[in-house]
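Colleague: Sequence:
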Amino acid sequence: MRTLFLLISFFLIANLARCQEASNYSQTAFIQTNLDSLYDINASKLKLDGNCPIEGKSYVKHIVSKNGEVKNLEIIKGLQNCPIADSIAIELVKLVKYIPAIKQGEKTEVVKVIAVPFHK
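When the letters of the sequence shown are read in order and numbered with mature numbering (1 follows the signal peptide of the UniProt record, and there is no 0), they come out as residues -19 to -1, 1 to 101.
All the given hints hold, so there is nothing to weed out.
The list that follows gives simulated cross-link-like pairs (lysine to aspartate or glutamate, EDC-like), each with its CA atoms no further than 20 angstroms apart:
| # | residue 1 | residue 2 |
| --- | --- | --- |
| 1 | Lys52 | Glu90 |
| 2 | Lys52 | Glu72 |
| 3 | Lys101 | Asp67 |
| 4 | Lys28 | Glu72 |
| 5 | Lys75 | Asp21 |
| 6 | Lys28 | Asp17 |
| 7 | Lys38 | Asp67 |
| 8 | Lys78 | Glu90 |
| 9 | Lys75 | Glu90 |
| 10 | Lys93 | Glu55 |
| 11 | Lys78 | Asp21 |
Label pairs and their in silico Cβ distance ranges:
| # | residue 1 | residue 2 | range |
| --- | --- | --- | --- |
| 12 | Gln8 | Pro34 | 36 to 44 angstroms |
| 13 | Ile12 | Ser68 | 19 to 27 angstroms |
| 14 | Glu36 | Val94 | 13 to 21 angstroms |
| 15 | Gly86 | Pro34 | 48 to 56 angstroms |
| 16 | Gly86 | Ile35 | 44 to 52 angstroms |
| 17 | Gly86 | Pro64 | 37 to 45 angstroms |
| 18 | Ile35 | Ile80 | 33 to 41 angstroms |
| 19 | Lys101 | Asp17 | 18 to 26 angstroms |
| 20 | Glu36 | Glu87 | 38 to 46 angstroms |
Hints listed in this document are in silico derivations from the structure and should not be mistaken for laboratory results.
Note that CB positions come from ideal geometry on N, CA and C, so glycine has one too.
Based on the provided sequences and hints, a complete structural model is requested.
Modeller: Structure (structure tokens):
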């Protein structure tokens, strides 16, 4: 029960922070890349082999630069006991292109997180 409470609290706080972040920008960073297409093209990479015991998502935190490119990629939550999934997630997020965020009329960097799904 306590775990469920902590999990719900985490998601509420994360969503609140996201809403507050978005309110500071006249335009937040938008993904230009169609993630579904990116996942479809790389479906064979997203299908886990027998070395990874579970399915799930790897969450990749990154900075969207002023020109819309991703940099400073970091796994903030990966698949347990499956480091290959984290490597694949980082490689896929490197392919994502953004329309940069705008704050006070200027392009600016912003931190984003993408969840990359893996399945068996």
